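So the chains spell out like this:
2 protein chains.
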Amino acid sequence: MGRCENCIIRQFNSLRAMSKEELKRVSDTKTTKLVKKGETIFGEGDKLNGVFCVRDGVSKLSKLSPNGKDQIVKLATKGAVLGQRSVITEEVANLSAIAVNDMEVCFVPKDAIMDSLNSNPNFAVEVLRHIAHDLKEADDVIVNMSQKTVKQRIAEAFIYLEENFGKDKNGYLALTLSREDIANVVGTATESAIRIISDFKKLGLIKAFGKKVAIADRNGLNEVAKGS
Amino acid sequence: MGRCENCIIRQFNSLRAMSKEELKRVSDTKTTKLVKKGETIFGEGDKLNGVFCVRDGVSKLSKLSPNGKDQIVKLATKGAVLGQRSVITEEVANLSAIAVNDMEVCFVPKDAIMDSLNSNPNFAVEVLRHIAHDLKEADDVIVNMSQKTVKQRIAEAFIYLEENFGKDKNGYLALTLSREDIANVVGTATESAIRIISDFKKLGLIKAFGKKVAIADRNGLNEVAKGS
DNA sequence: AGAAAAAACTGACAATTATCATGTTTATAA
DNA sequence: TTATAAACATGATAATTGTCAGTTTTTTCT
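These protein sequences, in sequence, are chains A and B. Counting along the first sequence from 1, when you hit position 176 you're at 327 in this note's numbering, and nothing is skipped either side. Counting along the second sequence from 1, when you hit position 22 you're at 173 in this note's numbering, and nothing is skipped either side.
Keep in mind that the hints are not guaranteed to be accurate.
The list makes no distinction among identical chains, and a pair is therefore deemed to hold if it is satisfied within one copy or across any two copies.
[As the list claims (entries may be wrong)] In silico DSSO-like cross-links for lysine-lysine, where the CA-CA straight-line distance does not exceed 27 Å: (1) Lys287 / Lys220; (2) Lys171 / Lys211; (3) Lys352 / Lys198; (4) Lys198 / Lys377; (5) Lys352 / Lys377; (6) Lys261 / Lys287; (7) Lys188 / Lys171; (8) Lys299 / Lys287; (9) Lys299 / Lys352; (10) Lys229 / Lys175; (11) Lys171 / Lys320; (12) Lys353 / Lys171; (13) Lys318 / Lys198; (14) Lys220 / Lys299; (15) Lys211 / Lys320.
Just so you know, the hints here were simulated from the structure itself, not pulled from any lab data. Please read all numbers here as calculations on a predicted model, not as lab measurements.
Construct the entire structure; sequences and hints are all you get.
As structure tokens, then:
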């Protein structure tokens, strides 16, 4: 099993602020596991006794409403740490984490994290910066949801996907989401998302090859996102 | 001018994790100021060189869209610390802070905060807890915005106002917001908010005396919020 | 490969919400 | 205390978005 000291993923998250000794401790207590597409890492209401560090794959963090609708609040990829927030506030998980594709995650028990947090200010501040950044993003989502139309939000979603998950060698978005997931990211009905995506195709803003989607007219899409 | 050590407000925020010496430092560098209703404490895009600790009054944290709509992301009251997030990530302010009623705030320069963050893990963790809690609330708002109707969100808003700001001696909500502000909290058009509030009055869910609003049927309002 | 299931799509329609126009009431200030 | 502005209110209408019902396409599994 890999040692955290050598894990490239660490560069992306707050673990980089840990000392050699702390990392060793994390390394000794962590466990690595594979999560298949569609599997749940943790569910809303679960008591978490550690955090999950994403080494590979993508997870959606979402909340299910009583009427069966499910809002995706965030997509977490390589380097992200899941469950951090709940562990810090010592509350049960507020969202559930489900694998969007096959994943590899490291589970790090709560104590290893909390001890470092309480003794290493560098680490605490680093975690703080990450959470503060997440908070900013969440605030932006709130504003988008109330000030933009579904069409604008879908256009933004494609741009977001390209910027954050990149493209494959053929220019298609590296992260392929189902129409339902896209609908749940922007907070609309699946059918509405499908219709708008079809329109985008007809307008030449995007192109599709099977499930794969590519941005064909970045400027055009940007215009739509800003509100034609 | 008051000394932070004796400030009751401190009980509500992360400053309580500071040592005597740190508090003294904060106390020596802080300045107190009065902000009149409607005045801006800081605006979106401002570079903040400190945080604002609310001693009295309420501030709305909001973002204005190009088309003139303004989304209130959060209402901050006694004990809240404004601008904390931006100071931590060293970014310009993401939201603007405007006084909803007359306020008294203490400005604490950035350095006093950052130095303590970097040296006192207790303080850092305490701030972390606060921001983590804010993040949870923001996530909940995202979910509400996408899964609930305007009517449900307005019902929730009244319940939220009563729970977080209390009632006056006559049972009216202690915090009086204009219909426009309520609309901006729930993310809808002012006219829509007005209509729904009128309906609530007709249904006996709330009652109004001038600008003052009181919850008349808490259970009924709860039902509406949950989705009749 | 072929059956079954899941996802994508389309149309018709209903519900929700926004917009515009305008009148009324309430607050603010000279 | 009025005038003036701001906030509140209501109707009519349009635009957006959701729901339901059904078809086609794609994926998955044996």
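Need the list of violated hint numbers for this structure, in ascending order. Violated: hints 2, 3, 7, 11, 12, 13.
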